[in-house]
Every structure is written in C-alpha cells, then in structure tokens.
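2 protein chains.
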Amino acid sequence: MSSPAAPVQPPPPRAVRFGVLGCADIARKISRAMLMLPPGAATIAAVGSRSDDKARRFISEIGFPAARVHGSYESLLEDPDVEAVYLPLPTSLHVPWATAVAARGKHLLLEKPTALCTAELDAILGACDASGVQFMDTTMWIHNPRTAKMREIVSDKDAFGDVRVINSMCSFRASEEFLKNDIRVKPDLDALGVLGDVGWYCIRSILWAVDYELPETVIAHRHPVKNQAGVLLACGATLYWADGKTANFNCSFLANLAFDVTVYGTNGTLHVTDLVIPYEESSAEFSVASKSSFVKPTIGWDPLPEKHVVTTDLPQEALMIQEFTRLVQNVRAGGRPEGKWPAITRKTQVVLDAVKASIDKGSEPVEVAS
Amino acid sequence: MSSPAAPVQPPPPRAVRFGVLGCADIARKISRAMLMLPPGAATIAAVGSRSDDKARRFISEIGFPAARVHGSYESLLEDPDVEAVYLPLPTSLHVPWATAVAARGKHLLLEKPTALCTAELDAILGACDASGVQFMDTTMWIHNPRTAKMREIVSDKDAFGDVRVINSMCSFRASEEFLKNDIRVKPDLDALGVLGDVGWYCIRSILWAVDYELPETVIAHRHPVKNQAGVLLACGATLYWADGKTANFNCSFLANLAFDVTVYGTNGTLHVTDLVIPYEESSAEFSVASKSSFVKPTIGWDPLPEKHVVTTDLPQEALMIQEFTRLVQNVRAGGRPEGKWPAITRKTQVVLDAVKASIDKGSEPVEVAS
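Just so you know, the protein sequences line up as chains P and E, in that order. Residues 1 to 370 in full-length UniProt numbering are what the first sequence lists, from first letter to last. Residues 1 to 370 in full-length UniProt numbering are what the second sequence lists, from first letter to last.
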C-alpha cells in the first residue's frame, strides 16, 4: 500500500506588522519580546516619534533594522504597512491617538493605565469596536503561565474554598530623578500618578483573584501622599463586595520594590511576592496552603504550605505579544475581536475611577459603577 | 604555682512555683513548655479548678505529679507555696481573678486578650503595680529569637529605612463545634471574639513593627462578621500614624490558618507567614528584600529577597516562661518588676479598644487614646 500523501501544511501566518507610537523606555521591553517569538508572529514595521533622530536611535537599538522612521505620529498612522499599533504614550494622550489608531483600522496594544477615566476608555473601546480591531492593554503578568496555574488553585472550591480577603501591595522606590521628571509624576501627562502606574496592578490583581467580580464599594485610605503638583505618589484603598469579601491595597513610589498579592480563602491561602515582574524570567513561584491545621498543642502546622514553581520558555511579555498577534491574525482571517481583554481592562479602570473619586472626596465611600 | 581556688558558684535560683488557675487547653502548652526548661526555672505547684476531678485529670496529664489540687480558684490563691499564677480563664473573669492574684502578692502571667477594655486592664496593672509583682501577657511569638532578628532588620535605617505600610492577617478556620461552643464566641466569656483572639496578634505585630509607636487614628473595615449573639467572627481595620505610616489588618475565624505580617519600608520589605505559631518548633524563617531594583528592561529583580532561618533550642512558649521566671526571680532577689511587658500589653489593648469602638460606631474614625 502506498502511504497517503502528506497533508498540505497551511503556510505559517504572516507576522503582525507593528507600528510603535513613541519611543518610551518600555517599548524596548516590547521589542525585545517580539524578537523572542518565532518568525511569523510579530515584527516592528515602523516607529513614529516627534523626533526623527530619536526614532532612528531607537530603531538602531531594538533589533528591527528594517523598521521605517516616521517623524510624526500622524504619519505612522497613515502607513498602510502598519497593521497594529503599540501605544506607550503618556496617558493624557491616549484618547486622541488610540481612537485615531482604531479609526485607521489598526489593532491596538495600549499601555496601562489605559485612560484617565472610564469615560475616556469608553471612547477608545468604542472606536476599536466600531472598526472591528483588537484591543488589549499591556498588563503582562496576566499572560505568565504562573497566573493560569494560580487561577486553577484559587478556583478550586475544595482546596481553596471561597475568597474572603485579598491584600495587594505594588511599589518601587523611585529615584530623585524620577520624582522630578518622570511622566508619571506630571499632572499634564500621567495625572493618575502611582495609582495609574503600580496601583493599576493592585486593582487588576484583586479583580483577578475574584474572577473579575466588581466590588460594590471602595473607600480610599486617608492621607494619600501627593507631590506639589497634586499627583499621587502613594495611596491605598479598601474594597468591599456584596458577599462580605474585602480587599486592601497600597501602591507607592516611596517604598521598596514589592509586587505582593495574598489571597485568603475559607480553605486555602495563596502568596505571591513578585506578581508583576517575576524575580526571574524563566520560572516563577508562588506558595499555597490548603486546609492548614495545627500540630497539637498548637506547636506547628500540618500540612505545611507548598511552594509551586512554574517554568516558561518565553517571558510573560513575549506571551502577551503572542496572544495579541494570535488574535490579530484571527481577525485578519475573518474572526471577531476577542472581547475578554477589553472587558477586563474596563473593570480595572472602573475600580480605579472609584478609588480616585474616593481619594478626591477625602476617603468617602464610593459606589462602583458597572 | 598552685592554681587559684575555683570561684564559689552561687546556688542556682529556686524554681518559680506556679499555680494554674483553670484547666484550659492552652495550659497544656504552658506546662509542656515548663518541662522543657532546665531545673531551677519553673514548676507547677498547684492547679485550681472549680472541679476537683478536672484538676486531678489535668495534673495527671501534664507531667507535674506533685502539683496540689485546689477545688476552687480562691483556695489556690490562698496557697502560700504558689509564687506566680498562670491565668487562662475566659476574659470576662480576668479582672476579679487577676486583681486577686496581685492582691495576694503573686506574680501574674495572664492569657490574652488580657481584658475586655483598657479600663479593665488598668485595674489589673494597677493591682500588680501596688503589690510590686511582675505582669506579663502570653504573647509567645515576641519571645521567639526570630522576632529579635526581625527587629534588628526592621530597625536598620539603611537596609530597611522607614516603615511605611504594614499588613497583617491572622486567621484560622474554626470548626462547627468551635463556632457553637468555644468560649471565644460567647458574649459572656470572651466578648471580643476574633478581635481579642487572633486580632490581638494582628495589633501586636503591627505595634511591634513600628517599635510600639501608637497610631493616631483607626478605622474599622465595614461589614464585620458577627454571630447571632453579636460576637465578632471576622473583622479588620486600617491604622493611621501621624507621619503617614498606615497598617491594615484582618482577623478571622472563617478563613484558612494564616499568621502573616508584611512590613514595607522605604528601603526594605519583610515577609513572615507563620508569626504567631511557627511552622516548626526548632527553626523559623522570614524573608527580607533590601534596596531591590530591576534588572533592565524590568525583566527581573536584583538583588533577590533573602531567606533568613533562625534556629532555637527552646520553643517560643518555653522562652516566654524563661523570661517570666527570670523576672520573678529578680523581684524575689529585691529587684523591681520589669515595666516593658505591661507597657506593651497596654498599648495593644488601647489599639484594640479603638478598633472595637470604630466597629461599634459603624466604621467611624476613632482617635487612639494614649
């Protein structure tokens, strides 16, 4: 018998051709991640900057030598070869440029915080929706395989039970230079300050822990720290759900680097201390206690918490790009944009709005809009 | 040359002769700890119980067969051979019996929560003071050598900097039996419920982290969980200091076992996850990050947090008894009682009072009395 003909392999999908709008530092991490992906995933086709020189220098550094330079953002948006835009501009510029990206029919990978408020975000999401383009924010840790493993454990109604309390602290000790000059302390650029920066991760991690159920009420902690221009440098809040769950978070530019999330359930406890940026790229840990009890007479624990290690061939930012390009290629092939990502983004922004409102009202309780 | 005569060794001090007032479960842990100490430290001379039988059974179990039985608390207090009393009665009985202990000139090792409110505690401390007897509460983890090592690190103004945020969660998942019958859910016995039980440790650990500086204000979390009799089963609060430090705690009878304290400083971070009852008796861990920064472009941490392991020959409860007996022997030799321990107890109770007041006022801010 002759063997059957080898099945015809479909050609690998054409790589998604990105335009980068602005030469922010964080764009170097994104371009590095694209280089790690297999061919056929992502390439940087063009870089747009208000300065030709800056764009040229950026291109020479990032390993995509064929990328075109655009001396204006507008010019990049007109480039028909650009299929998707990675947009790391300051938050105050998101609405005009993100809606312009969508209006040109280009997919949008948008840096967080995605907008200054939910109304702004809705303008962006509405534009993406109207054009049928994929939207995703750049919360990288969501794409780490550790996060999926933790999700599995927290969702286990026997081993973990019901979530009751969540604590999150995301912080880093900003330099004097940062506190003077970084866009994240400038009211005209990133007016949400620390709340929009690492506070975004606190809120997202808390929502993640409760499978994106919105809290009912938030109350900001008193005495948030602001700079002279009124931009938040350190703040916190307590979140309340209808069923009695509570969460507490603190975010700060004024404390040692921390990316802690602890989830306390009726039967289990999960600790992770490097959620947002894992200690190392290739593997990430967390620890879980389940049905812990005492060695009598309360002289020890049994069972002890267990450490879990999740390895990954690709760092989380590369997995994020991979997921985004997969979705773009799906839309290119006639599919619909994935609605899960904008929905999660919006919930994060809605809670962030409520925290900001509570801060602005001197720590009054604020109901969370849906 | 003839060698000099060996110096005359002073005789070892006579063991402190304890009376145990009530046969609570926790007393078994204390008697076990006494047996671990070298001779000349502590012995149980007598046990007082409202039931002769219960006292006899208790004595047969604890390894002090020579201990006398007293069929009433009053009778134990009249026993001239009893030099110090360990008092694990329900909190509502502390004032009459603890003041009676002091009035008889006996030293007092008092179970926590020490009193239902600061006014009650002051009656007890006043009685101890008037009689010149040593007072100590039974917060055991304070005596673990790990705690001293952590203190050293948190106090390091360079490696740790200034404390900014503290999170504490102390909880265990109480059985149905506990939630029905334990003294800690009975309004007439331990009316402070979970706040007096594991909440005590949250508050103490937070005060410990700031070297016992009292907060200015506390605000209880909304929606504390109470049983039908109105006793707290789960609650929390945020604490505010004048210099902007904040702390958050949650305590619960309804979540998996947790004894977490995390201290966030300007330069350092400390994590401990088994503060109150270490996972194991002979060694205890914690982890410290100091001056953590990113591996560029934010793909890792450098330096990584470090794990510290502190070993101990004696478990923390034995070290607690050892410290208490040392102080009693010092008073016996003409010294004055050590004021550090009652001062720490009182601060814990003062903050606990404020949290309770805020709970009772529907989460209104409450100023902390000094």
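Please note that a few of the clues may not be correct.
For identical chains, the list gives no copy identity; a pair is met inside one copy or between any two copies.
When the alpha-carbon atoms are kept at most 20 Å apart in a straight line, the in silico DMTMM-like pairs for lysine to aspartate or glutamate are as follows [stated by the list, open to error]:
id: 1; residue 1: Lys-186; residue 2: Glu-285
id: 2; residue 1: Lys-340; residue 2: Glu-323
id: 3; residue 1: Lys-307; residue 2: Glu-152
id: 4; residue 1: Lys-157; residue 2: Glu-176
id: 5; residue 1: Lys-291; residue 2: Glu-176
id: 6; residue 1: Lys-347; residue 2: Asp-158
id: 7; residue 1: Lys-307; residue 2: Glu-285
id: 8; residue 1: Lys-340; residue 2: Asp-302
id: 9; residue 1: Lys-361; residue 2: Glu-338
id: 10; residue 1: Lys-291; residue 2: Glu-120
id: 11; residue 1: Lys-361; residue 2: Glu-78
id: 12; residue 1: Lys-291; residue 2: Glu-74
id: 13; residue 1: Lys-226; residue 2: Asp-313
id: 14; residue 1: Lys-296; residue 2: Glu-281
id: 15; residue 1: Lys-157; residue 2: Asp-211
id: 16; residue 1: Lys-347; residue 2: Glu-306
id: 17; residue 1: Lys-296; residue 2: Glu-176
id: 18; residue 1: Lys-180; residue 2: Asp-156
id: 19; residue 1: Lys-180; residue 2: Glu-285
id: 20; residue 1: Lys-307; residue 2: Glu-280
id: 21; residue 1: Lys-226; residue 2: Asp-162
id: 22; residue 1: Lys-296; residue 2: Glu-177
id: 23; residue 1: Lys-361; residue 2: Asp-182
id: 24; residue 1: Lys-291; residue 2: Glu-177
id: 25; residue 1: Lys-347; residue 2: Asp-211
id: 26; residue 1: Lys-291; residue 2: Asp-156
Treat the hints as calculated values from the structure; they're not laboratory data.
A quick look at each hint next to the structure:
1. Taking the shortest Cα distances, Lys-186 and Glu-285 never come within 20 Å of each other, neither inside one copy (35 Å) nor across copies (41 Å).
2. Proximity of Lys-340 to Glu-323 under the C-alpha cut-off of 20 Å is restricted to the intra-copy arrangement: shortest distance 12 Å within a copy versus 59 Å between copies.
3. Proximity of Lys-307 to Glu-152 under the C-alpha cut-off of 20 Å is restricted to the intra-copy arrangement: shortest distance 15 Å within a copy versus 27 Å between copies.
4. Within a single copy, Lys-157 and Glu-176 get their C-alpha atoms only as close as 47 Å, which misses the 20 Å cut-off; across copies the closest is 18 Å, which meets it.
5. For the identical chains of this complex, Lys-291 and Glu-176 are inter-copy neighbours only, at 15 Å across copies versus 46 Å inside a copy, given an alpha-carbon limit of 20 Å.
6. For the homomeric pair Lys-347 and Asp-158, neither the shortest alpha-carbon distance inside one copy (27 Å) nor that between copies (40 Å) is at most 20 Å.
7. For the identical chains of this complex, Lys-307 and Glu-285 are neighbours both inside a copy (7 Å) and across copies (14 Å), given an alpha-carbon limit of 20 Å.
8. For a Cα distance limit of 20 Å, the shortest separation of Lys-340 from Asp-302 qualifies neither inside one copy, at 39 Å, nor across copies, at 34 Å.
9. For the homomeric pair Lys-361 and Glu-338, neither the shortest alpha-carbon distance inside one copy (36 Å) nor that between copies (47 Å) is at most 20 Å.
10. In this assembly of identical chains, the alpha carbons of Lys-291 and Glu-120 never lie at most 20 Å apart, being 44 Å within a copy and 37 Å across copies at closest.
11. Proximity of Lys-361 to Glu-78 under the C-alpha cut-off of 20 Å is found in neither arrangement, the shortest distances being 43 Å within a copy and 61 Å between copies.
12. For a Cα distance limit of 20 Å, the shortest separation of Lys-291 from Glu-74 qualifies neither inside one copy, at 57 Å, nor across copies, at 42 Å.
13. Taking the shortest Cα distances, Lys-226 and Asp-313 never come within 20 Å of each other, neither inside one copy (40 Å) nor across copies (48 Å).
14. In this assembly of identical chains, Lys-296 and Glu-281 lie within 20 Å of each other by CA distance solely across copies; the values are 12 Å between and 41 Å within a copy.
15. Within a single copy, Lys-157 and Asp-211 get their C-alpha atoms as close as 13 Å, which meets the 20 Å cut-off; across copies the closest is 40 Å, which misses it.
16. In this homomeric assembly, Lys-347 and Glu-306 never come within 20 Å of each other (Cα to Cα): the closest approach is 32 Å inside a single copy and 36 Å across copies.
17. Taking CA atoms no more than 20 Å apart as the test, Lys-296 paired with Glu-176 passes between copies only; the shortest distance there is 18 Å, against 52 Å inside one copy.
18. Taking the shortest Cα distances, Lys-180 and Asp-156 never come within 20 Å of each other, neither inside one copy (46 Å) nor across copies (27 Å).
19. Taking identical chains as interchangeable, the C-alpha atoms of Lys-180 and Glu-285 are never at most 20 Å apart, the minima being 35 Å within one chain and 39 Å between chains.
20. For the identical chains of this complex, Lys-307 and Glu-280 are neighbours both inside a copy (16 Å) and across copies (16 Å), given an alpha-carbon limit of 20 Å.
21. Taking the closest pair of Cα atoms, Lys-226 and Asp-162 come within 20 Å of each other only across two copies (18 Å); inside a single copy the shortest separation is 36 Å, beyond that limit.
22. Only between protomers do Lys-296 and Glu-177 lie at most 20 Å apart by alpha-carbon distance; the minimum there is 17 Å, versus 54 Å within a single protomer.
23. With identical chains, the CA atoms of Lys-361 and Asp-182 are never at most 20 Å apart, being 26 Å at best within one copy and 43 Å at best between copies.
24. In this assembly of identical chains, the alpha carbons of Lys-291 and Glu-177 lie at most 20 Å apart only when taken from different copies (17 Å versus 47 Å within one copy).
25. Taking identical chains as interchangeable, the C-alpha atoms of Lys-347 and Asp-211 lie at most 20 Å apart only when both belong to the same chain, with a minimum of 11 Å there against 39 Å between chains.
26. With identical chains, the CA atoms of Lys-291 and Asp-156 are at most 20 Å apart within one copy only, with a shortest distance of 12 Å there and 36 Å across copies.
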